[in-house]
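**Q** Residues per chain are reported as follows:
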Amino acid sequence: MTVIINDEGFSTPEQEITYERADTLNKETRALDISADQDLNAFSDYLETLTLIRIEFSSFADGRGFSLARILRLMGFSGHLRAYGHVISDQYAMARRSGFDDVEVSKALATRQPEAEWLFRSNWSAHDYQTRLRKSA
Amino acid sequence: MYKYNDFDHAFVTSRNAQFREQVNRRISGALSEDEFKPLRLMNGLYLQLHAYMLRVAIPYGTLNSAQMRQLAMIADRWDKGYGHFTTRQNIQFNWPKLQDVPNILDALAEVEMHAIQTSGNTIRNVTADHFAGAAADEIADPRIYAELIRQWSTDHPEFQFLPRKFKVAVTGAKQDRAVIHAHDIGLQIVEQNGKPGMRIIIGGGLGRTPMIGKVIREFVAMDDILPYLESVVSVWNLLGRRDNKYKARIKITIHENGIDEFSRLVDERFALIRPSFQGFDQTLLSEISDAFDAPKFQRFDLSAFDKRYQGDPNFRSWVDTNISAHKQADYAIAAISLKSHGETPGDASSAQMRRIADLAKTYSHDELRISHEQNIVLPHVHKAHLPNIYDALRAIGLATANIGLISDIIACPGMDYCALATARSIPIAQDIATHFDALKLEHEIGPLKIKISGCINACGHHHVGHIGILGLDRAGVENYQITLGGDGTETPAIGERAGPGFCADEVIPAIERLIHFYMNERLAPSETFLECYRRLGLGPFKSALYETDQSKVRANAA
Chain W
1 MTVIINDEGF STPEQEITYE RADTLNKETR ALDISADQDL NAFSDYLETL TLIRIEFSSF
61 ADGRGFSLAR ILRLMGFSGH LRAYGHVISD QYAMARRSGF DDVEVSKALA TRQPEAEWLF
121 RSNWSAHDYQ TRLRKSA
Chain C
1 MYKYNDFDHA FVTSRNAQFR EQVNRRISGA LSEDEFKPLR LMNGLYLQLH AYMLRVAIPY
61 GTLNSAQMRQ LAMIADRWDK GYGHFTTRQN IQFNWPKLQD VPNILDALAE VEMHAIQTSG
121 NTIRNVTADH FAGAAADEIA DPRIYAELIR QWSTDHPEFQ FLPRKFKVAV TGAKQDRAVI
181 HAHDIGLQIV EQNGKPGMRI IIGGGLGRTP MIGKVIREFV AMDDILPYLE SVVSVWNLLG
241 RRDNKYKARI KITIHENGID EFSRLVDERF ALIRPSFQGF DQTLLSEISD AFDAPKFQRF
301 DLSAFDKRYQ GDPNFRSWVD TNISAHKQAD YAIAAISLKS HGETPGDASS AQMRRIADLA
361 KTYSHDELRI SHEQNIVLPH VHKAHLPNIY DALRAIGLAT ANIGLISDII ACPGMDYCAL
421 ATARSIPIAQ DIATHFDALK LEHEIGPLKI KISGCINACG HHHVGHIGIL GLDRAGVENY
481 QITLGGDGTE TPAIGERAGP GFCADEVIPA IERLIHFYMN ERLAPSETFL ECYRRLGLGP
541 FKSALYETDQ SKVRANAA
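So the sequences go chain by chain: W and C.
With the numbering used here applied, the first sequence corresponds to residues 1 to 137, in that order.
With the numbering used here applied, the second sequence corresponds to residues 1 to 558, in that order.
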């Protein structure tokens, strides 16, 4: 069982989603699971038809997912981006700033890091040097 | 100097609140030590051999007197009354208690300082030429760009969990005092068709696989700098190895993939990233630039200085050795050596810090610099005030005239503090300094950089020492390997390993053999150790190093 975390706090995942992997990706695919070593150029043709991409974090210490999310956004993906796996509450702001919409973690992790600790970082758009530096002159 | 704006203040305050909360959660158990570790590291808190160590950022090595006084206060209140200045222009406190650290961070914030990203797998504190804004050979003040990069890299959401640490250094001068060839990225301000930009050097580094950086771009326009840096780090974040921390640094990524392929990937990423920067970074740059305007220089009568210089050989020696040329006539850059013979390189007591702060306030337009060679610099001093400064420094034991000489040694903390160390560094540095001071030879030897690391990670920069000393553990006994001919300046070179190492009590005689050989062989006193080494090569120096029969050395040299 997993928990979905966004700016409002905890919720349970949608029941009906079936994620496909990159090797079975086609124009009918709506939800895609990718790992941190995925070459994103492989699905530039599918960014319009995909509605949900879930990027796996096998360890919270592996920050590749943040760059992948950012690149997908820069490539024009406007669907839903989800960080999945070992993400900790201290990384919530990083995930949101990198382009993720929400985070999906195990029940066990959500128990150890309860909702309040994630909500503590839900003001992720405040104090953000990156947004500031990128504004127009 | 740069002053925090409202945004910077609010950022540091909220970051400190987050860390206070993280410390509480670590104490309550909500965070595992594994999870707390990267969080404390990205806030500068290490766990060392005996205690926690807090590494405080001194961005581009610049401090004002109020900041220096606050560092002294922190040393007295929460540590043991001293601080250690490091090779990356930081200061380390060696004995803070975990529960005090949030209070220390708040005290730092009061003077616009922090410990953010001084460790961890993040973009580290950006360093710069310690003569910035004062040097005669400068195109532009590198701190302007270092500050912009500080803001860009601070809390960058993509780059808090990189494959490994990432170090950036900036210089605005031809003469490289910032070791830009031994950084993950070294930036040199250059001009093309009258427009300023950056020459970009990538993939340098010391550590267990020392490499001199390669030029990836001869010129990047100033408004492309942040997107270019972001592209480099983004490419490396995805491409850098995560299976082996010793192969994770960007120098290895470039070595394994080739600079051409890496450069192609950076260009591809740059095309994506560049449009997301819409111009405010350049507005900010011009605000930052105003903050680094040159101080209002003054005129004073020089006759007292001239008289003292003529009449006092000790003062003259200090001036000749520790003073560098300033861009402004009658001004000087005065280096305060933290290498008093027999003391720990880079350490300063709280009393010394306060006195140095007074001197900066009175005589140096309220500015101080920390050099990567672990000394302190008064960057804007009128020569008329040098006698007063010298007398004040003498009174606190900081008037040693040894900048750039054999006792001006870089040494890592070594086994006296560091959990990674395999040998002691500090006592070796102390012994070398004391020994050559007793012989009264160091001025005769001339410019010589000795650098000592207590383990293969090379924090003491031994690879770029003219004489490098690497302390290892050989079956439980400290063993010191000598490298020769290293150079961390604009003519960079990695030192060559001379051969088998020496045990601790053989190091001084070994160095002495090298020095005697050099002094006998040099064409004139003006030929430096490094020049002499480059002329003769490793072979003859190696023979001198391993020939313990002094009569043969003398015969060979004759």
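What the hints contain is simulated information worked out from the structure, not anything from laboratory work.
Here a beta-carbon is modelled for each residue, glycine too, at the ideal position from N, C-alpha and C.
Where hints are given, some of them may not hold.
Dumping the calculated DMTMM-like pairs for lysine to aspartate or glutamate here, alpha-carbon to alpha-carbon at most 20 Å [to be verified]:
hint: 1; chain 1: C; residue 1: K165; chain 2: W; residue 2: D62
hint: 2; chain 1: C; residue 1: K37; chain 2: W; residue 2: D62
hint: 3; chain 1: C; residue 1: K307; chain 2: C; residue 2: D330
hint: 4; chain 1: W; residue 1: K135; chain 2: C; residue 2: D223
hint: 5; chain 1: C; residue 1: K245; chain 2: W; residue 2: D37
hint: 6; chain 1: C; residue 1: K3; chain 2: W; residue 2: D128
hint: 7; chain 1: C; residue 1: K195; chain 2: C; residue 2: D137
hint: 8; chain 1: W; residue 1: K135; chain 2: C; residue 2: E287
hint: 9; chain 1: W; residue 1: K135; chain 2: C; residue 2: D8
hint: 10; chain 1: W; residue 1: K135; chain 2: C; residue 2: D6
hint: 11; chain 1: C; residue 1: K174; chain 2: C; residue 2: D366
hint: 12; chain 1: C; residue 1: K247; chain 2: W; residue 2: D128
hint: 13; chain 1: C; residue 1: K327; chain 2: C; residue 2: D301
hint: 14; chain 1: C; residue 1: K296; chain 2: C; residue 2: D223
Partial pick of chain W residues on the chain C-facing surface, computed with a CB cut under 7 Å [stated by the list, open to error]:
hint: 15; residue: A31
hint: 16; residue: A108
hint: 17; residue: Y129
Across the chosen pairs, the derived CB separations fall in these ranges [unchecked claim]:
hint: 18; chain 1: W; residue 1: L47; chain 2: C; residue 2: E261; range: 21 to 29 Å
hint: 19; chain 1: C; residue 1: S276; chain 2: W; residue 2: E20; range: 28 to 36 Å
hint: 20; chain 1: C; residue 1: F7; chain 2: W; residue 2: E115; range: 25 to 33 Å
**Q** If a hint holds in the structure, say so; if it does not, say that too.
**A** Right, here's what the structure says about each hint:
Between K165(C) and D62(W) the CA atoms are separated by roughly 13 Å; this keeps the pair inside 20 Å, and the hint holds. Only pairs whose Cα atoms come within 20 Å are accepted, and K37(C) paired with D62(W) is accepted, the gap being roughly 14 Å. Distance restraint check for K307(C) and D330(C): the Cα-Cα separation of roughly 15 Å lies within the 20 Å cut-off, and the hinted pair is therefore satisfied. Of the pairs offered as hints, the one joining K135(W) and D223(C) holds, with about 14 Å between alpha carbons and a cut-off of 20 Å not exceeded.
Distance check on the hinted pair: K245(C) and D37(W) sit about 17 Å apart at the alpha-carbon level, within 20 Å; holds. For the hint pairing K3(C) with D128(W), the CA-to-CA distance comes to about 18 Å; that is within 20 Å, so the pair holds. For the hint linking K195(C) to D137(C), the alpha-carbon distance of about 17 Å falls within 20 Å, and the restraint holds. Only pairs whose Cα atoms come within 20 Å are accepted, and K135(W) paired with E287(C) is accepted, the gap being roughly 15 Å.
With a CA separation close to 16 Å, the supplied pair K135(W) and D8(C) stays within the 20 Å bound. Taking the CA atoms of K135(W) and D6(C), the gap is near 17 Å; set against the 20 Å cutoff, the hint holds. Only pairs whose Cα atoms come within 20 Å are accepted, and K174(C) paired with D366(C) is rejected, the gap being roughly 26 Å. Restraint check for K247(C) and D128(W): the C-alpha separation of about 32 Å exceeds 20 Å, so the hint is violated.
Distance restraint check for K327(C) and D301(C): the Cα-Cα separation of roughly 18 Å lies within the 20 Å cut-off, and the hinted pair is therefore satisfied. Of the supplied pair hints, the one linking K296(C) and D223(C) is violated, its CA atoms being roughly 29 Å apart against a limit of 20 Å. Annotation: interface hint on A31(W) violated; nearest CB of chain C at approximately 23 Å, more than 7 Å. Using the Cβ-Cβ criterion of 7 Å, the hint placing A108(W) at the interface with chain C is not satisfied: the shortest such distance is roughly 12 Å.
Hint on Y129(W) holds. Least Cβ distance to chain C is approximately 5 Å, under the 7 Å limit. Hint check: L47(W) to E261(C), Cβ distance near 25 Å, so the stated range 21 to 29 Å holds. Between S276(C) and E20(W) the Cβ separation comes to about 29 Å, which falls inside the hinted range of 28 to 36 Å. Separation of F7(C) from E115(W) is about 29 Å and conforms to the stated range, judged on CB atoms against 25 to 33 Å.
In this structure, the hints that do not hold are numbers 11, 12, 14, 15 and 16, in rising order.
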